[in-house]
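**Student:** Sequence:
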Amino acid sequence: MNRKREKPCRWQAQIHFTKVEGWLFQIIHYSGLGVPLRAGFTALGWKPGFYGGDAVGELAGPRAPRREGSRAGRVCCPGRPALGTAPPGFARPRPGRLPPSAAQWGSRWMLQTLYDYFWWERLWLPVNLTWADLEDRDGRVYAKASDLYITLPLALLFLIVRYFFELYVATPLAALLNVKEKTRLRAPPNPTLEHFYLTSGKQPKQAEVELLSRQSGLSGRQVERWFRRRRNQDRPSLLKKFREASWRFTFYLIAFIAGMAVIVDKPWFYDMKKVWEGYPIQSTIPSQYWYYMIELSFYWSLLFSIASDVKRKDFKEQIIHHVATIILISFSWFANYVRAGTLIMALHDSSDYLLESAKMFNYAGWKNTCNNIFIVFAVVFIITRLVILPFWILHCTVVYPLELYPAFFGYYFFNCMMGVLQLLHIFWAYLILRMAHKFVTGKLVEDERSDREETESSEGEEAVAGGGAKSRPLANGHPVLSNNHRKND
Numbered sequence: 001m002n003r004k005r006e007k008p009c010r011w012q013a014q015i016h017f018t019k020v021e022g023w024l025f026q027i028i029h030y031s032g033l034g035v036p037l038r039a040g041f042t043a044l045g046w047k048p049g050f051y052g053g054d055a056v057g058e059l060a061g062p063r064a065p066r067r068e069g070s071r072a073g074r075v076c077c078p079g080r081p082a083l084g085t086a087p088p089g090f091a092r093p094r095p096g097r098l099p100p101s102a103a104q105w106g107s108r109w110m111l112q113t114l115y116d117y118f119w120w121e122r123l124w125l126p127v128n129l130t131w132a133d134l135e136d137r138d139g140r141v142y143a144k145a146s147d148l149y150i151t152l153p154l155a156l157l158f159l160i161v162r163y164f165f166e167l168y169v170a171t172p173l174a175a176l177l178n179v180k181e182k183t184r185l186r187a188p189p190n191p192t193l194e195h196f197y198l199t200s201g202k203q204p205k206q207a208e209v210e211l212l213s214r215q216s217g218l219s220g221r222q223v224e225r226w227f228r229r230r231r232n233q234d235r236p237s238l239l240k241k242f243r244e245a246s247w248r249f250t251f252y253l254i255a256f257i258a259g260m261a262v263i264v265d266k267p268w269f270y271d272m273k274k275v276w277e278g279y280p281i282q283s284t285i286p287s288q289y290w291y292y293m294i295e296l297s298f299y300w301s302l303l304f305s306i307a308s309d310v311k312r313k314d315f316k317e318q319i320i321h322h323v324a325t326i327i328l329i330s331f332s333w334f335a336n337y338v339r340a341g342t343l344i345m346a347l348h349d350s351s352d353y354l355l356e357s358a359k360m361f362n363y364a365g366w367k368n369t370c371n372n373i374f375i376v377f378a379v380v381f382i383i384t385r386l387v388i389l390p391f392w393i394l395h396c397t398v399v400y401p402l403e404l405y406p407a408f409f410g411y412y413f414f415n416c417m418m419g420v421l422q423l424l425h426i427f428w429a430y431l432i433l434r435m436a437h438k439f440v441t442g443k444l445v446e447d448e449r450s451d452r453e454e455t456e457s458s459e460g461e462e463a464v465a466g467g468g469a470k471s472r473p474l475a476n477g478h479p480v481l482s483n484n485h486r487k488n489d
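The UniProt record's numbering puts the first residue of the sequence shown at 1, with every later residue one more than the last.
Some clues are possibly wrong.
[Unchecked claim] Listed next, the in silico DSSO-like pairs over lysine-lysine satisfying Cα-Cα at most 27 Å (straight line): (1) LYS311 / LYS438; (2) LYS316 / LYS202; (3) LYS202 / LYS182; (4) LYS240 / LYS367; (5) LYS205 / LYS313; (6) LYS367 / LYS313; (7) LYS311 / LYS202; (8) LYS182 / LYS367; (9) LYS205 / LYS311; (10) LYS144 / LYS266; (11) LYS438 / LYS367; (12) LYS438 / LYS313; (13) LYS311 / LYS240; (14) LYS202 / LYS313; (15) LYS311 / LYS182; (16) LYS202 / LYS240; (17) LYS316 / LYS240; (18) LYS311 / LYS367; (19) LYS316 / LYS205; (20) LYS311 / LYS180; (21) LYS144 / LYS274; (22) LYS240 / LYS182; (23) LYS313 / LYS180; (24) LYS438 / LYS316; (25) LYS313 / LYS182; (26) LYS180 / LYS367; (27) LYS240 / LYS313; (28) LYS144 / LYS273; (29) LYS240 / LYS180.
[What the hints assert, rightly or not] Each pair of labels, with its calculated beta carbon distance range: (30) ASP136 / ILE375: 44 to 50 Å; (31) GLY419 / ILE383: 18 to 24 Å; (32) ILE383 / SER305: 26 to 32 Å; (33) ASN368 / LYS273: 43 to 49 Å.
Hints in this document: simulated from the structure, not taken from any laboratory. Built from N, CA and C at the ideal position, the CB exists for glycine as well.
Please model the complete structure; the sequences and the hints are all you need to start from.
**Tutor:** Next up, the structure:
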């Protein structure tokens with residue numbers, strides 16, 4: 001009697017995935033990486049369901065014995081799912097429906113596996129605590145990761161509010177302070193020079209100027225003048241800088257006042273040890289919720305608009321700062337580091353509005369007011385970022401938690417991100433101190449991070465066009481047009 005040969009399961013077939021998740025799934029199943037991963041997580045007390053059986057993330061426990069020789073007990077090949085079984089979390093298709101393809105099963109299963117690994121309690125919570133301990137009960141509300149979904153729509157709302165603020169508030173204020181758009185001479189159309197500008201560089205060397213002069217039929221001085229005007233076209237206007245600074249000043253000032261109102265009456269504001277009292281079973285209140293959501297939404301909006309905002313010399317550091325801040329705020333919320341998070345956010349907002357106000361007065365030409373505010377900003381920045389943050393806040397997040405629980409991944413992750421922010425603070429403190437030194441010696445001209453505009457009377461620059469633009473002196477934040485006022489920094 002001929003027995004019908006049993007078809008091999010879909011996991012034995014050569015599968016060509018078109019998605020990244022499918023590739024990861026194929027690597028794990030066909031390279032044998034699943035075996036050491038399973039053993040490693042089992043040793044940690046967590047039994048991932050790589051090969052059928054328990055659901056992913058289910059704690060290891062006794063399993064019912066299977067009958068020898070049964071279909072469910074046979075495995076098509078070592079390290080593969082048993083015949084006739086689907087990956088954990090996937091039911092058989094209903095009658096009349098086509099079964100999902102291998103790519104669909106693989107990608108869905110891989111996403112579910114990664115999702116469960118990411119939210120493993122041992123990563124983010126102290127030992128012997130689970131996410132169930134942070135579920136709302138008895139009228140007490142706890143921070144949850146799902147609360148953060150609202151921040152993306154709020155970030156888009158911030159961008160809309162910013163547009164109307166700059167149009168109807170910042171622009172009239174700029175006119176009141178006599179901040180106007182400066183008329184710039186545009187570079188005449190020239191395909192040869194434009195192609196070089198876009199592909200090879202914005203500041204050609206002397207040899208390149210001579211080559212471009214022959215190709216375009218212009219003199220060397222005309223080529224240098226064209227590139228200078230073309231660079232000025234790409235630089236943001238004074239009015240754009242003023243609008244951006246006024247928007248940030250308004251938010252940081254309101255956020256600082258609101259943040260202090262949230263934490264000033266809390267006992268952990270005066271005694272840092274109480275930050276961890278009862279952690280992580282610490283309920284939240286509406287003021288903390290909205291403080292977090294608004295701060296996180298604002299930093300999302302800054303990240304979304306960073307490509308169109310004024311680009312400064314610390315552009316990369318700004319991106320790192322925004323990303324690290326978003327990660328820190330998000331993690332501190334869903335891991336219930338809310339008390340420490342509110343202290344850190346209020347500390348950061350305490351100096352930012354001073355910097356933005358100094359910029360506003362600088363763009364308006366109020367030199368003395370700008371200098372006085374800058375001195376106050378420098379003092380506040382040094383005290384808050386280089387004294388209070390490392391010796392009080394970081395000490396609170398590094399030392400005190402170890403008195404309650406053994407160190408876990410979330411503890412290291414949070415403090416590493418705090419370390420990244422502290423390195424950025426040291427970098428910016430260096431820029432501030434350098435500006436303060438120039439201020440004391442009478443050489444302070446403008447923000448160290450600013451992109452200076454080149455003037456038409458810069459004959460000295462034309463002579464060295466290949467070596468980059470020289471720093472131009474400023475009067476009240478504006479370029480000095482007379483060469484009689486040149487200084488050597």
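**Student:** So, for every hint listed, does it hold in this structure?
**Tutor:** Against the structure, the hints:
no., hint, result
1, LYS311 / LYS438, "holds (23 Å)"
2, LYS316 / LYS202, "holds (19 Å)"
3, LYS202 / LYS182, "holds (22 Å)"
4, LYS240 / LYS367, "holds (19 Å)"
5, LYS205 / LYS313, "holds (22 Å)"
6, LYS367 / LYS313, "holds (23 Å)"
7, LYS311 / LYS202, "holds (16 Å)"
8, LYS182 / LYS367, "holds (19 Å)"
9, LYS205 / LYS311, "holds (24 Å)"
10, LYS144 / LYS266, "holds (22 Å)"
11, LYS438 / LYS367, "holds (15 Å)"
12, LYS438 / LYS313, "holds (18 Å)"
13, LYS311 / LYS240, "holds (12 Å)"
14, LYS202 / LYS313, "holds (16 Å)"
15, LYS311 / LYS182, "holds (19 Å)"
16, LYS202 / LYS240, "holds (22 Å)"
17, LYS316 / LYS240, "holds (21 Å)"
18, LYS311 / LYS367, "holds (23 Å)"
19, LYS316 / LYS205, "holds (26 Å)"
20, LYS311 / LYS180, "holds (20 Å)"
21, LYS144 / LYS274, "holds (22 Å)"
22, LYS240 / LYS182, "holds (11 Å)"
23, LYS313 / LYS180, "holds (24 Å)"
24, LYS438 / LYS316, "holds (25 Å)"
25, LYS313 / LYS182, "holds (22 Å)"
26, LYS180 / LYS367, "holds (17 Å)"
27, LYS240 / LYS313, "holds (17 Å)"
28, LYS144 / LYS273, "holds (24 Å)"
29, LYS240 / LYS180, "holds (10 Å)"
30, ASP136 / ILE375: 44 to 50 Å, "holds (48 Å)"
31, GLY419 / ILE383: 18 to 24 Å, "holds (20 Å)"
32, ILE383 / SER305: 26 to 32 Å, "holds (30 Å)"
33, ASN368 / LYS273: 43 to 49 Å, "holds (45 Å)"
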